[in-house]
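> The listed protein sequences derive, respectively, from chains A and D.
Residue numbers for the first sequence follow this note's numbering, beginning at 114 and rising by one.
Residue numbers for the second sequence follow this note's numbering, beginning at 113 and rising by one.
For the record, the hints were derived by calculation from the structure and aren't laboratory data.
Some hints could be false.
As the list claims (entries may be wrong) - Computed spacing ranges between beta-carbons, pair by pair: (1) L203/A to K339/D: 43 to 51 Å; (2) H251/D to E305/A: 38 to 46 Å; (3) L128/D to D213/A: 32 to 40 Å; (4) E309/D to A406/A: 43 to 51 Å; (5) R367/A to E180/D: 36 to 44 Å.
As the list claims (entries may be wrong) - Listed next, the stretches of chain D that the computed footprint assigns to chain A, with coverage defined by at least 3 CB atoms under 8 Å from CB atoms of chain A: (6) 126-133; (7) 262-276.
Quick caveat: nothing in here was measured; it's all calculated off a predicted structure.
Think of the CB as a built atom: it goes at the ideal place given N, C-alpha and C, for glycine as much as any other residue.
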Amino acid sequence: MAATPTHFSVSHDPFSSTSLLNLQTQAIFGPNHSLKTTQLRIPASFRRKATNLQVMASGKTPGLTQEANGVAIDRQNNTDVFDDIKQRFLAFKKLKYMDDFEHYKNLADAQAPKFLVIACADSRVCPSAVLGFQPGDAFTVRNIANLVPPYESGPTETKAALEFSVNTLNVENILVIGHSRCGGIQALMKMEDEGDSRSFIHNWVVVGKKAKESTKAVASNLHFDHQCQHCEKASINHSLERLLGYPWIEEKVRQGSLSLHGGYYNFVDCTFEKWTVDYAASRGKKKEGSGIAVKDRSVWS
Amino acid sequence: MGNESYEDAIEALKKLLIEKDELKDVAAAKVKKITAELQTASSSDSKSFDPVERIKEGFVTFKKEKYETNPALYGELAKGQSPKYMVFACSDSRVCPSHVLNFHPGDAFVVRNIANMVPPFDKVKYAGVGAAIEYAVLHLKVENIVVIGHSACGGIKGLMSFPLDGNNSTDFIEDWVKICLPAKSKVLAESESSAFEDQCGRCEREAVNVSLANLLTYPFVREGVVKGTLALKGGYYDFVNGAFELWELQFGISPVHSI
Chain A
114 MAATPTHFSV SHDPFSSTSL LNLQTQAIFG PNHSLKTTQL RIPASFRRKA TNLQVMASGK
174 TPGLTQEANG VAIDRQNNTD VFDDIKQRFL AFKKLKYMDD FEHYKNLADA QAPKFLVIAC
234 ADSRVCPSAV LGFQPGDAFT VRNIANLVPP YESGPTETKA ALEFSVNTLN VENILVIGHS
294 RCGGIQALMK MEDEGDSRSF IHNWVVVGKK AKESTKAVAS NLHFDHQCQH CEKASINHSL
354 ERLLGYPWIE EKVRQGSLSL HGGYYNFVDC TFEKWTVDYA ASRGKKKEGS GIAVKDRSVW
414 S
Chain D
113 MGNESYEDAI EALKKLLIEK DELKDVAAAK VKKITAELQT ASSSDSKSFD PVERIKEGFV
173 TFKKEKYETN PALYGELAKG QSPKYMVFAC SDSRVCPSHV LNFHPGDAFV VRNIANMVPP
233 FDKVKYAGVG AAIEYAVLHL KVENIVVIGH SACGGIKGLM SFPLDGNNST DFIEDWVKIC
293 LPAKSKVLAE SESSAFEDQC GRCEREAVNV SLANLLTYPF VREGVVKGTL ALKGGYYDFV
353 NGAFELWELQ FGISPVHSI
């Protein structure tokens, strides 16, 4: 199946309050080839913000001929990208999907994963790759620096996933995985006090502030890289502690139907360190406000 | 919990269905779902599932078959990453992009959340997504952002089912899925009489378009798209039929004409 370039058209009406983007969808690798057009409206407030770009874009004397669209994307590169994604999907379909067709058919009806995994968005640490999770095994949340915000406040994206996986899918294990050379933790460690509120990154990593504080308290004499590594691990424990702040999570952990685990993937020497939260022992610590207790720590190398 | 409570449960269901015949379809769908869930759960090693052994095996295999057989790649990756793709995928256990699109370590910076949604620019409420996009676009300089929806998405089903009238039954889920309310409105307007499953299928795709439009509310994304250094794509993985759809969002500013 050759991938023909998708057709686009853009219509701008300078006098109207909205712009129209036209998308044409083409099913390239599916059983049905269909072409349909969707239109999206872009609101006025957004166009106003974009007008300064309009002024900058017109470097030449305006003429009567109108270009079909002002998009500068190199068409050749674009076809390469479509082709790349197509080859990737076909490889999956041939090497995995068709090989295990029965399993995929069952999965299509329902998923019953045993894990909720919270991992970093870093391209090098996909839990499916590093820990061999197969489709159906792990409900996965990935964000910058695998952080968990507190129940009562903070950014909301991760929380819906926690709620769904714990209360609807009834996962039995939550695994928070951190990793070496984490850019998000590095940003947290470099940040000054409350951070630059103009930056999204700072607004997010500040969620891990307590881990930074505990790191500074014990490791400020170490080289910055070692401090970061310490913080990477402290942050995992901090997230685990935060998880216990979600009432429906704590309830299940208390009942014994849910276990919390921490993991640290070091891709410099390819080792994986893992530990489990000891809830009973943690409750004592909670009263002191000093974190969680862990057990069954081991390192695989 | 033994045979007795199972028999009681079946009897109670039968009795209900005799009284309320109209519930038969709903009951059949739910029983089918339960059967599938139990089948999936039992097919994966139910005897004594040790989560730690499971991940240990996974890691040891990864190290032996991938890491150690490719020292050049992993050596480079240890120093830094330069993925060409940023991917938004659903947290659903069945749709990991590393499997579906065969991404290897280093290929794709991946954010996963319920129903692969990209919320609009909000420094406080959605700092997590904003941080990921900012990092990917400004620091990693990815060339493509791909938002991938999928079939049988629980989040989209929730979006289509919840009344979303302010009386939330969940702590966070309704507040999250309402990000793609425009997709629900569009689908209901265009196919009000279609079957619910069909509406969900349309909404799964429309929600991707809402997310693509939301991406443009981030100034650094808009700038990259207009300059031509960043492309935005939508995808749909249909695991019921083993198919994948791919499309693109194009956005640009035409030259100015003096009237």
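> For this structure, which hints from the list above don't hold up?
1, 2 and 6
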